[in-house]
Structure formats: structure tokens, C-alpha cells
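Chemist: Protein chains in written order, with my numbering: chain A, 1 to 328; chain B, 329 to 1013.
Rather than coming from a laboratory, the hints here were simulated on the basis of the structure.
Hints are supplied without guarantee of correctness; some may be wrong.
[Said to hold, decoys possible] Subject to a maximum C-alpha distance of 30 Å in a straight line, what follows is the list of computed DSBU-like cross-link-like pairs (lysine-lysine): (1) B/Lys-775 x B/Lys-854; (2) B/Lys-559 x B/Lys-440; (3) B/Lys-854 x A/Lys-88; (4) B/Lys-733 x A/Lys-88; (5) A/Lys-88 x B/Lys-559; (6) B/Lys-886 x B/Lys-918; (7) B/Lys-869 x B/Lys-886; (8) B/Lys-571 x A/Lys-88; (9) B/Lys-869 x A/Lys-88; (10) B/Lys-636 x B/Lys-751; (11) B/Lys-886 x A/Lys-88; (12) B/Lys-420 x B/Lys-440; (13) A/Lys-88 x B/Lys-839.
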Amino acid sequence: VSEFRGYIIRRTTYAMITLFLTITINFFIFRVMPGDPVSIMVSERILKPVVVEEVRAMFGLNLPLWQQYILYIRNLLIGYLGYSFHWKEPVINVIMERMPNTILLMGVSTIFSVIIGIVLGVLAAWKRGTKIDVTILTSSLTFYSLPVFWIGMMLLMLFGYYLGMFPIAGTMSRPPPEGFFERILDILHHMTLPAITLTLISYGEYTLLMRGTLLDVLTQDYIVTARAKGLPERRVLVRHAMRNALLPTVTAVAISLGFIVSGATLTETVFSWNGVGRLIYDAMMMRDYPVLQGAFLIISISVILANYVADIVYGILDPRIRYGGQGA
Amino acid sequence: MEVEKSSIQIIMLLLLIITLNPIATVYAYNHQPLIKETTEYDYRGPRCDELYIVVITTPEAQMLALKKGEIDVLGWPGVQPLQVAEIMADPKIHVVTSEVTEYYPLVFNVRKYPFNITDFRRAIAYCIDREKIVEILLLGYGRVAKSCIPKAHGIWHNPNVPQYEYNPAKAAEILDRLGFIDTDHDGIRNDPKTGRNLPDMTIMIPSYDPIRIRMAQLISGWAAEVGLPIKAAPTEHGTMIDKIVGEHDFDMCCWTYGWYPPWDPISLLYHSSQDVPWGWNDPGIRNSTWDALIDEILNTPSMDELKKYIWKFQEWHMQLIPDFPLFERLMIDAYRTDKTEGWIPMIGTGILNFWSYMNVHGKGKPFGGIVKYPVQRETKTLNPCKVTSGWDYEVIDKVYDTLMKRDLNNNYIPWMAKSWDVKIFPENKTQIITFYLHENITWHDGKPVTGEDVKFTLEYYRDYEIPPYLPYVSSIYKVEVPAKYTVKVYLNTTSVIALYNIGTMIYILPKHLWYNVTDPMEYEPKVPIGSGPFKFVEWVKGEYIKLVYNEKYFKLPKERIIIPFEVTNMRITPSKAYVGDIVAVTVTIKNKGLIERTQEIQFKVAGKIEDKKTITLAPGQSIDLTFTTTKDKAGEYTVEIDGLSGKVTFEERPAVLPAYQTIAGTIISIVVVAVIVYYVARKKR
């Protein structure tokens, strides 16, 4: 029990250190970029030069970097993510307004990617060397390597415009239909193409991982033993091979779940999906540091948390991992 | 092949002209206006019912949405030249081109050697074949920029300024004269100061714009022919701003310069005082004679002199060329013809302009309809104090209003102010502008717009130093409201420009809603209340903003002004009745408006609605409408139909005996009479 407690303390400490480093990097990385929010405003030439410095002071951008950093950390400690330079409202509001859309899109596409990826991965490994294997492998690799915006645009042109089956842009009709269920259906209708796009580009990852791991497992002694015992092939696959092969996939899924809050910048932009990904893109273009920091902080926490939970679960499932931290 | 290409382009252009909106100003492939018709526009509106500003983040998706009919129009950044043929193939889409007030200059960093040598800059100008750029890169949808004030600025554009036509021989001659000679014959000219090859000189262009990247590459090629090592340097937008505006660390760059009115770019781009980090003097030109001219522009009390100075400035600009005007792109817009009509292209802004929104309406009817137009990036505020980008004006410009407007030809016209007079006192460098407001303007909440609102707005922007408006109000030292609809603005400047800046740039705020807003840069109204042509309805963030037309807008088309039905000639039959009887109340109702309307007519008795009827009347049509009522209590009642009232009296019915009493009484009477008759008869006997 004490070993396990020590393991949890270690993991928690690592997670906290990672979080702190991420926060620090998040702060500095955007400030290393040329330009700041005010310079972007200057480029639009709406603000006259006489007021530029005033606006910069208003945003606190005239302070030395270290002072800005201390201010940022102090605000974080009291749970304040800051105030958006661009949207002129608290960062948490800006992000949370878009979060439901992102979780919906990313959640649905991640679930589909995982299911399709694992099923095809198992099938490919099971039918190794056959046309099925080659077809699955080729298609997975192809979609995995295609640029996401290209797939998105192709789907948009084919199903959105030429076949007219799906809307071109947005999260909902403008204006949305009356009625609760009609609205739900409307959102699902709008979500179809971006969800298919994300599924297409990401299922290959799970397919390849599952296939590779399963092929590895299938050559293990205990599989040979199971076959030698005369167990049916299906049982060998499902009960003996797949269970063991799923562990790396679970890790990949855990990390993916962490990224659910991050949105998909390119896909959301192509489909005008009002999510966190598009927010990050807009904030980047506007040099809206607080929003970028806030979004990346939430993403980091989510990923670190997902990994942390995965680590703990692993620790429970596999005692060898608990000792790994002690150099065993 | 080139001939074929040109022929196709000309055919396409002819098709484009045929399908054009009749009031479009169209410039053709040869950069000359083929059609310049101006249909009379009454500057009244809005004519549509609802306006949706929808977010579609990529130009590709916007194009698909237009073709599919999810949006009605495609404005800025508009249709790319390469897409014109494709979009024109759709019979339900019209393509319109209009002039813009912006141009693409090659900006020299004149703080830096050798760009600080005027002749060196001229030599580079002679290297550039601008006609080719327009032909190859813009496919003819543009023209060579002849001045720093483009032709679309109308009277402000000076057509007679020095030009630098493509002439590599002359460029070489100038460079030779300056001592930039290729002494080692390696194809690159040598620097007379060091004797070494000239270092690479870069043209910084935004990495998102393939046209400018290709343009810089073409310039690089032409420059190489005369031995100048010029390279294209595509750079991320934010980095460009930092390098050029903040750090002044560049050789040459290609921006977009262009906005209206013309004195703004002149005063800001070329004045020495602006040659500071984050100032607007990108080239870093410092010239005291120029500064004096700019000061004259900014202070002259005479419109004629203003024009003269601006023309003079353009001449000097082309002589000194701190930046070399390269080309002007034509704005190519498109709109669907199956659902809406009334789009008006405007010089300088294209099809998405104030007058288009005022005039557009559903197809086939004079008013009504829903109009949807896309934006790549949504507005971020509904507060006029917080605008910092062009996107922010999408709502502000429709919900709030200004004292003056620019018409389709960029002339200043009265708007909220029906007139004004200006008194300038050069001796003490002051002026008084008096605005006379229309008396029938109301805020969206129904309250009247008065001079107090204008006074409040000007002082509010000045006192709170609201960034977008501060330059226009900072010279105001006093505002008076001598009469309810008259405002006197006192300024410590003699500039004739002040009137136009205050008139067109200042969005008037409702005093009754803003007087207690003490944090204008934080405040975010949930529902902005302005006096503009559209009223705000809802904003689904990231999706759309819905506006509806202001049914009380002071500039509504006469036909659209809602005139309530005239109700006259009340007849009450009978005007006196017994309790329980039915009384009919009839009125004559007439539609005195200019359009067919439907209105609900209410019938009230003693102040309570008893009945209502909805009727539709054609213009001029009148009908008799009858309501009936009855009462079970005696008394005088007031009947009212849409404000017209009359009296009806109900009386108690006279007392009546029951039937059995009547019969009994009759019998008794008969018996009594009979008895009397009997006794009388007996007596006689």
C-alpha cells in the first residue's frame, strides 16, 4: 500500500511540475512571437498612433516581461485566466462559450475514430498479408497522411455543395429552427461533415497501433500455447490476444481524450465550426495572449490529467509499472 | 495562346458587364470605364426586413455558400480574379466590379541606405512593369496606380503627377550615374561606398497573399536584369507589422494603403512626427517642406485650398516616391439574383456598403425579405467605444447613426443633421460648427434624439478619450445646445476637415442610456440602442447576428412609413337602447398609406377590449367596419374604435306585468265593467 501511495505521490508531483512548466512555456512562447495585440490593431489603422501607447498600457503590455509573468501567475493562483484583449471579456467566458461545441465534435469523432480504428486494426492483423490487410493499411495510411483541410474542403464541395446533403458552414442554421429536438437535429446535421473529416484523419492512428501491437502479441508464447491447447481462433484472438494488445491503444485513447478540449483548428475553420480550435486560430492571428494562454492551459491540464489518470490506472492494473519509477 | 487567353477574358468581361447591376461603375480590362450609369437613388431605407450577418470563416466556403444559396452576397475580400469565370457561369449570380480607394505601394525604408537616395528609389520604380503585374496577376481586374490618392477618391485624385513607366534602360542609366556600377561584371551592381556587391535587398510581403508574393518575384526578376539583387520575402502578417511599424527593420515592403477621406493617409503616412515606432510613417520620410504642406492640409479653412494642397502633395509624392504606387485592385463582388435585389456598388467599398444594406430587399417586392451576408471574422463588440477593426463596424454602422454620410459618389450629404453652418475664425484659430438635427429621429427604445444626445456624445468621447474618436473630438472645447434640435460645436482648429470628421466618424449615443456608463472601455451592452436603420435582435456568438429594420427610421422610404388606418364617421345604432338590446357601432376605415397593409382594429367599451378584427386594405381602399355590443346594466357607455369614440346609453326597460296578472286584470276589468253595465242597465229599467 505504501508503495502504491509513493507511486501516486510521485505521479502527482510529476504532473504538477509538468503543469507549472507548461504554464511558464505558455506565457513566454506567445510573447516570443513578433507583434502584439496592439500592433495588430495598428495594422488595421483604426486606432490613431497617439492612442496606441495608451491602449498598450491598458493591456499591461508596457510592463517588463517578468512583471507580466508574476501578474499572470498571481492571477492563475486565484483562478483568474485573464481578460481577452480582442473579445474584451474574461478569457474563461470566451473559452467556455465555445467548449460545448468542441467537446461535442471532438468527442464524437474521437469515439468513432477509436471504434473504427480498433476494429480495422484487429481485422488487418487477423487477416495479415491478405488483400483486406493491404486495403485497410493503405486506406488508413492515406487518410492519416492527407491534409485535414483538403479532406474537409473535398467533403464540403461534394456533400455540401454538389450533392447538397449537408450545410456549408456553421454549427447551426442561421436562423436555427424552432423546437428543441429540431435544434438538436440541426446541430447534428451541421456536425456530420466535420466529424467525418476528423474521423477520417485520425482513425488510421488507432488502426496502425492496434494492428502492430496485435501482430506482436500474436507471436507471444502464450498465444502459441493457447493455440496448442486447441482453443478456437476467435477465442484466442478475443480473450488472449486483444486484451493484451489493447493496453497501448488505451494510452493513445487516454491522450486523445485529453485533447478533446483542444478542438481542431483547421477543421473548425474550414467548416466555420464555432469551437476552441477556431478560437485559438483567431487568438493567434490577433496575438490575444490571455486567450491563447487560457486555452493552452485548459488543454494542458486536460492532457496532463488524462495521462495522470492513465498512469494511476496502469499502476493499479500492472504492478510492474509502480516499481518502474524506482528504477526496477 | 496569349491571344486566346485575352479573348476569353474579354468575352468574360462582356458577359460580366451584361449582368451588371445598372448603377454599377464598371471598369474594363483596358482600365477604362465602359459603363458609368447612375440610377437615381433616394438614399432612403431600409427596405429589407431582416439582416443576418453570418460567420463563414474561409473564402472558399463563402463561395460555396453563395452558389448554394445559403448567403445572398459575397463582398470583401470578394471574388478572386481566377474565380470570376466559374461564378459567372451560374445564371443566378451576378458579378459586380467597383473601384476601391486602396492601392498597393512598394514602400521604401528611406531611413536606410541606399533607399535614402531619391534617385535610387526612382531607378527601382523604372524597373517595375506595372502593366504586366495588372495583366498577369490581376487578370485585368485592376489598374496601374498613378498616385497615392487613387482615382476612386474622385476630385481629390490628381491625374497629372510624374510617372515612372517601365524603362530598365533608364533605371540602369540612373544607377550608373549614382555610381552603382557592376565593376566586377558578375551581374550584380557594386556599392560605390564599399566597392562590394550590393547586398540582397528584400521586399517584405504578407505570406497569405499569393498575388503579392508573385509580384515580388516578378520585381526581383526585373531588378536582376539591371543588376539589382532584390528578393521576395514572404512574411507572417504580425511579424511584418512588428518589423515595419514597430522596429522599422525592412528594405522594402508591399502594404495596402487606402481609406477615406484622403487627408487621413496623407497626414499620417508622411508626416515627420509619425516617424516614430508604431507611428504611421512607414517609409520614414522626413521633409520639413512636406510637413508644412501637410499642416496646411490639416488646417486650411478653405475647401478649394484643401483640394489644391492635396493635389500638390500628390505631385511631390511622386517626385520623392517614399513609396511607389504599384496597382489598384478592382473589387469583385457577387450576389444572387433569385432572392434579393437592390445591391448598390459604391466607389471605394464595393457592394457591401451602407447604401446597399439600406436598399436591398426581397426579390419581386418593394420591401421586406431576409438578407444574409457573410463575414470571415465576427464583430467582437456592440459598444462603439471598443471598435478596433473593420469587422467591429458591421453592427455599429447599422445600429448607430452619424450626423452626415458619404453618398455613392463620396460626397458628403446631410443625415441626422439636416443642415449645418460653419464659421471659421482664422485670427484666433477657432471655428464653430452648428448642426441642425431632424426633429423626427428616435432611438430604438422610442425616445427622441435631440441636441443633448449629440452634445453628450461629443463630450463623452472627448472626456473619456475614446481611442477611435479621440483624434476627431480632441479639438472640441465647448458644445452648446441653443435649441432642442440645434448643436453648436466650438473647436480650436480652423480645419475645414473638422466638419467631415465629426459629421461622418462619430456615432451618436443615447444620453439617457450612456450618461451613467463610467467604464466605456469595459462596458458591453447586451442590446445596443442606437438610432440607426437597423435594430439589434440577437447575437449567437460564432454563428450570426440578427438585425431587423427600424420601422421608425427617419429615412424610411415614404411608401414604407407605417401610417395607421384612418378611422372616421362613427355611427351608433341605436345610440339609446334598452338594457339587453344589441347596439351596432360602425366606422369607416381607410388606408391612407402607399402600400397594402394589415392592421388589427380593436373595439373597446368602457375602456375594455370587447372585440378585435384584423383587416387588410389596399392603398386608398376604405371599408365600413361594424362591431356590436350589448349591456345588462343601464348607463352611459363609451365605445371606442382605434381612438375614435362615441357614447351609447342603455336604459332600463319599462316595468311590465306578468302574463297571469294581465289576464287576471283583464278578466277582473271585464267583470267590473260588466257589473257596472249591469247595474246601470238595471237602474234605467
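Chemist: For the pair we were handed, A/Lys-88 and B/Lys-839, check the Cα-Cα distance against 30 Å.
Modeler: 23 Å, holds
Chemist: Quick one, are B/Lys-775 and B/Lys-854 close enough, alpha carbons at most 30 Å?
Modeler: Cα-Cα ~19 Å, so holds.
Chemist: Given the hinted pair B/Lys-420 and B/Lys-440, is their Cα-Cα distance within 30 Å?
Modeler: 53 Å, violated
Chemist: For B/Lys-869 and B/Lys-886, compute the direct alpha-carbon distance and say whether it is at most 30 Å.
Modeler: Violated - the C-alpha atoms of B/Lys-886 and B/Lys-869 are around 35 Å apart, more than 30 Å.
Chemist: Holds or violated: A/Lys-88 and B/Lys-559, Cα atoms, limit 30 Å.
Modeler: Roughly 40 Å separates the two Cα atoms, so the pair is violated.
Chemist: Is the Cα-Cα distance between B/Lys-733 and A/Lys-88 30 Å or less?
Modeler: 29 Å, holds
Chemist: Does the alpha-carbon distance linking B/Lys-886 and B/Lys-918 stay inside the 30 Å limit?
Modeler: Holds: B/Lys-886 and B/Lys-918 sit about 18 Å apart, inside 30 Å.
Chemist: Between B/Lys-869 and A/Lys-88, is the straight-line Cα distance small enough, at 30 Å or below?
Modeler: 14 Å, holds
Chemist: When you check the alpha-carbon spacing of B/Lys-854 and A/Lys-88, does it fall within 30 Å?
Modeler: Holds: B/Lys-854 and A/Lys-88 sit about 14 Å apart, inside 30 Å.
Chemist: B/Lys-559 and B/Lys-440: Cα distance at most 30 Å?
Modeler: Holds - the C-alpha atoms of B/Lys-440 and B/Lys-559 are around 17 Å apart, at most 30 Å.
Chemist: Sort out whether B/Lys-751 lies within 30 Å of B/Lys-636, counting only the CA atoms.
Modeler: 21 Å, holds
Chemist: Are the Cα positions of B/Lys-571 and A/Lys-88 separated by 30 Å at most?
Modeler: 26 Å, holds
Hints 5, 7, 11 and 12, counting from the list given before, are not met by this structure.
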